[in-house]
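Trainee: Construct all of the structure, not just a fragment, from the sequences and the given hints.
First residue of the sequence shown: 139, per the numbering used here; consecutive thereafter.
FYI, nobody ran anything at the bench for these hints, they're computed from the structure.
Just to be clear, a hint being listed does not mean it is correct.
As the list claims (entries may be wrong) - List time: in silico SDA-like cross-link candidates among lysine to any residue, alpha-carbon distance up to 20 Å:
1) K212 / M223
2) K278 / K212
3) K310 / E251
None of these values were measured; they are calculated from a predicted model.
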Amino acid sequence: MRREDAKEADYYLGEHVPDIAIVDLGLPDEDGLSLIRRWRSHEVSVPVLVLTAREGWQDKVEVLSAGADDYVTKPFHIEEVAARMQALLRRNSGLASQVISLPPFQVDLSRRELSVNEQPIKLTAFEYTIMETLIRNRGKVVSKDSLMLQLYPDAELRESHTIDVLMGRLRKKIQAQHPHEVITTVRGQGYLFELRG
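Mentor: Below, the structure is given as structure tokens:
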């Protein structure tokens with residue numbers, strides 16, 4: 139369902155839960171980044187794909203840091219947009235009902251939810267996928283390439299710096315509920331999930 143501006147998009151999200159939201163940063167009434175930040179601050183967890191003419195890596199980091207899950211730079215091929223949409227939807231699709239319990243962490247695979255101390259943590263689709271992968275491989279180093287494969291099955295869509303941004307956001311959210319560092323960066327190898335303290 140197409141909406142022409144931020145106000146219409148806000149209204150629609152208040153009434154419906156779409157599978158995915160595609161946001162053009164050049165909205166007529168508001169910058170797309172502030173729209174995404176507002177959605178995330180109000181715990182809107184729908185996957186967000188951004189369309190932008192900004193090509194610098196700093197711009198891409200800003201887009202991801204605002205809460206977007208992925209982005210496409212203009213001019214783009216519709217096939218690339220479709221491929222990235224499908225990748226996001228695959229990441230956000232439900233799995234067989236199952237719970238991984240690693241107190242105080244709990245991952246509900248069917249709901250794609252992470253809880254810490256029985257408090258749900260609002261994660262984007264990509265943040266959840268990273269956390270699930272790390273917890274499934276707890277005590278083992280997971281390479282950045284392995285995480286990229288989970289997020290982007292299509293090799294041409296992968297950009298490694300996105301992992302660093304997503305990991306930073308994920309750590310901040312977890313530390314709000316759990317004071318101990320649980321995700322360690324193993325230099326030159328990847329990331330390790332390990333409970334301490």
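Trainee: Against the earlier hints, flag every one the structure doesn't satisfy and list their numbers going up.
Mentor: 2
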